[in-house]
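Student: Listed here are the chains, written in short residue letters.
2 protein chains.
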Amino acid sequence: MQTRAICLKSRPVGMPKEDDFEVISVDLPEPADGEIQVANVCMSVDPYMRGRMVDRKSYVAPFQIGEVLSGGSIGKVVKSNHTDFTEGDYVSSSHGWREAYTANTDGIEKLGSIVAEPSLYLGTIGMPGMTAYVGLLEVGALKDNETVFVSGAAGAVGSIVGQIAKLKGCRVLGSAGSAEKVAWLTDELGFDYAFNYNDGDILSQLREGAPDGLDVYFDNVGAEHLQSAIMHMRPFGRIPLCGAIAQYNDTEPRPGPNNLTMAIGLGLTLRGFIVNHFNHLAGQFRTDMEGWVTGGQIKPKETIYQGIEQAPNAFIGLFTGANMGKMIVNL
Amino acid sequence: MQTRAICLKSRPVGMPKEDDFEVISVDLPEPADGEIQVANVCMSVDPYMRGRMVDRKSYVAPFQIGEVLSGGSIGKVVKSNHTDFTEGDYVSSSHGWREAYTANTDGIEKLGSIVAEPSLYLGTIGMPGMTAYVGLLEVGALKDNETVFVSGAAGAVGSIVGQIAKLKGCRVLGSAGSAEKVAWLTDELGFDYAFNYNDGDILSQLREGAPDGLDVYFDNVGAEHLQSAIMHMRPFGRIPLCGAIAQYNDTEPRPGPNNLTMAIGLGLTLRGFIVNHFNHLAGQFRTDMEGWVTGGQIKPKETIYQGIEQAPNAFIGLFTGANMGKMIVNL
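Top to bottom, those sequences are chains A and B.
With the numbering used here as the guide, the letters of the first sequence map in order to residues -4 to 326.
With the numbering used here as the guide, the letters of the second sequence map in order to residues -4 to 326.
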């Protein structure tokens, strides 16, 4: 049997192009002893994958040309030769981008009893949601009633950062790249202030939205966003460094913020992290987030593309602002 | 009565010049009720003062043109109209740069029983020593046996950072600007590796001195030092941001490190601080440091200029590498 998958045809230079990817047909063997066969229901495209398309040393190994790309997916067990897995079980793996796979169960997690649509376990109740949760509460050491700014606020991580901060009684500012997103942040998600970073300079907007400065800046964007936020931090402010999507397609190293020395007098902390650094909090996160989602306190949002052949487009869309909330490819 | 003092004649642009300063004569009134008169024994010049010569918002107010400069000094009480102070008491204040002053006792600290030369209370047992102590142990969260790199390692702060780290069983690297300083670091202070940052690129030297990377980088210098250290940090490394002396005379904002996004995957922490953020540790610091100095575990070093008229030269010397250890002006 065969199944369709996406492989990396060439390493993108600058903005990725559809032509950097290829839909291929790969073998789908019968499961051997201890293995299972899974039909993916949906798969995830995430900005961090852009870094893996570059051939360099990083916190995850680079993707290889001609190999099937990996990334988060949720699937249903269709055949099982493993005692712990039963046909019909929902499982989470990093085996997508493919429609189905046969594998041993290393790194495959049974979702168990789920309280929401399976795809949410790729987003709000999954890796991006947990990134928001640990980044804001642990790395950002958020305190009640502080002022929080999150960039990429309409994205999978940013939209959850803002909503958690609101739950904690904070004043929340967010930036996004379109008027529609800005309206969604304030009208639907309860952000106190949101702005389009294409409309005028960021620092002026921050000053308007938070005249007394920022306690936490959750950085998903880097570049001008980071420099502007540093300029507007209050003493002892914290800056979780989560991503730098404005820089991921740079072909040359980009200079950092020219005001980093302000961190000295203000006692600022800039701290980088990835969600895996906090795996010990996965259980606590899932309990909290499932409660917030079923209780209606956190509103998940997805942008859905249909069909594996759309995965490259969905991925490219992350960098052109095509998504509100989590970008999902349904299979 | 009159006393001599130094005032700021003009705001330096780029490297400060002698002509930016002026020796003036100022009144030295008799102490009123509650006041004391102090003859300064020695005064301090410190790199942070350069920032105060610029007219901008910062963590301390800018110096004003025509006003006597302030800064740390140690003096002896010569007349007292305050019950807590007696003739002959050593006091620490921020009233220098002047030979003597009459003032109420706000912000004046009696040194009490001292175990070393008074001038050390401006250096190793004073503000720079405490900066090293809190920056390394609190901000840097140093653990035994880690690998530590300190820039400006032959300076008042850096030389103490390195020696404390050695006391904690760490492998210690330092950079300085001359062969003489480098030799002092390794031969006298016990640094495991030191290099002249004028000899070849910094990253190569770091790789040679610490093939397995750095756990803590104590940044006194900024600029290329910071960027190179980020490149060579180990996972979960900490970077106390203490100073950026390479940038203090910049006339334009300087771009920051172009590899700050490496902090994300590595989980690095960059944290700015000034010593005043840790005033609650002053007692503990003095006890520890007096013990280390009298026990010979920490070796203080001073570069001494003689006479208040030499203060501008001493200050300028901070930026030309004229000092080994603490720069002191004896009065």
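Keep in mind the hints are simulated off the structure, nothing from the lab.
In this text, a Cβ means the ideal position worked out from N, Cα and C, and glycines have one as well.
Wrong hints could be hidden among the right ones.
The calculated label-pair distances, taken between Cβ atoms and stated as ranges, are [claimed, not checked]:
| # | chain 1 | residue 1 | chain 2 | residue 2 | range |
| --- | --- | --- | --- | --- | --- |
| 1 | B | 53 | A | 317 | 38 to 44 angstroms |
| 2 | A | 203 | B | 247 | 25 to 31 angstroms |
| 3 | B | 56 | A | 202 | 20 to 26 angstroms |
| 4 | A | 29 | B | 207 | 49 to 55 angstroms |
| 5 | B | 206 | A | 110 | 28 to 34 angstroms |
| 6 | B | 60 | A | 245 | 28 to 34 angstroms |
| 7 | A | 299 | B | 207 | 54 to 60 angstroms |
Student: Look at the Cβ atoms of residue 56 of chain B and residue 202 of chain A and judge whether their distance stays inside 20 to 26 angstroms.
Tutor: This hint holds: roughly 22 angstroms between Cβ atoms.
Student: Quick check on a hinted range of 25 to 31 angstroms for residue 203 of chain A and residue 247 of chain B, using CB atoms only.
Tutor: Roughly 27 angstroms apart at Cβ, these two residues keep to the hinted range, so it holds.
Student: With respect to the beta-carbon atoms only, verify the hint that residue 29 of chain A and residue 207 of chain B lie 49 to 55 angstroms apart.
Tutor: violated, 38 angstroms
Student: Does the hinted range 28 to 34 angstroms hold for residue 206 of chain B and residue 110 of chain A at CB?
Tutor: Roughly 50 angstroms apart at Cβ, these two residues miss the hinted range, so it is violated.
Student: Does the Cβ-Cβ separation between residue 53 of chain B and residue 317 of chain A fall within 38 to 44 angstroms?
Tutor: Holds, at about 43 angstroms.
Student: Residue 299 of chain A and residue 207 of chain B, beta-carbon distance inside 54 to 60 angstroms?
Tutor: Given about 46 angstroms between the Cβ atoms, the range is violated.
Student: Just to be sure I understand the hint, the distance between the Cβ atoms of residue 60 of chain B and residue 245 of chain A should be within 28 to 34 angstroms; is that true here?
Tutor: violated, 43 angstroms
In this structure, the hints that do not hold are numbers 4, 5, 6, 7, in rising order.
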